Amino acid sequence: MSIFSEIAMSKEAVFTLKIEPELREAFMAEAAAVHRPASQIVREFMRDYVDQQQKAREYDDWFRAEVEAGLKEADDPNTVWHSHEEVKANMERQRQSFLARIRAGE
1 MSIFSEIAMS KEAVFTLKIE PELREAFMAE AAAVHRPASQ IVREFMRDYV DQQQKAREYD
61 DWFRAEVEAG LKEADDPNTV WHSHEEVKAN MERQRQSFLA RIRAGE
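For the sequence shown, UniProt numbering assigns the number 1 to the initial residue and increments by one for each residue that follows.
Treat the hints loosely; a few may be bogus.
[Unchecked claim] Beta-carbon label-pair distances, calculated as ranges:
| id | residue 1 | residue 2 | range |
| --- | --- | --- | --- |
| 1 | Q94 | Q52 | 33 to 43 Å |
| 2 | W62 | L17 | 26 to 36 Å |
| 3 | K72 | H35 | 49 to 59 Å |
| 4 | E73 | A31 | 45 to 55 Å |
| 5 | M46 | R103 | 54 to 64 Å |
| 6 | I19 | D61 | 54 to 64 Å |
Hint data in this document are derived by calculation from the structure and do not stem from the laboratory. Given the structure is predicted, the values throughout are model-derived calculations rather than measurements. C-beta atoms are modelled at their ideal positions from N, C-alpha and C, and glycine is treated no differently.
All chains should be built: construct the whole structure from the sequences, respecting the hints.
Encoded structure:
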């Protein structure tokens with residue numbers, strides 16, 4: 001491994017990265033091919049990564065809250081339960097009604 005050239009993150013911070021020489025050379029060549037500084041591309045990668053992680057964490061928080069709400073509702077003695085057969089029959093009635101409306105030109 002070699003040390004990737006220091007990348008200035010701002011005027012106040014420097015980031016040193018260890019990577020394989022082949023990866024560094026390939027990355028630098030691709031950055032040069034698109035006429036962009038390697039540090040700019042790395043900053044964009046980092047921003048994208050931070051954004052992805054924040055969105056994933058927000059989704060996980062939302063999902064956990066939804067599961068907890070569902071479990072709380074399931075434990076509530078006032079919750080009305082419907083069998084799979086009831087739901088299936090109701091959906092079929094709705095489907096037939098919708099198809100009849102289509103045939104009637106509504």
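Cross-check of the supplied hints:
About 39 Å separates the C-beta atoms of Q94 and Q52, a value consistent with the hinted range of 33 to 43 Å. For the pair W62 and L17, the supplied restraint of 26 to 36 Å holds, since their beta-carbon distance comes to about 33 Å. Under the hint 49 to 59 Å, the C-beta atoms of K72 and H35, about 56 Å apart, fit the expected range. Between E73 and A31 the beta carbon distance is about 53 Å. The supplied range of 45 to 55 Å therefore holds.
Between M46 and R103 the beta carbon distance is about 58 Å. The supplied range of 54 to 64 Å therefore holds. Roughly 33 Å separates the CB atoms of I19 and D61, a value that falls outside the hinted 54 to 64 Å.
The structure fails to meet hint 6 from the earlier list, while all remaining hints are met.
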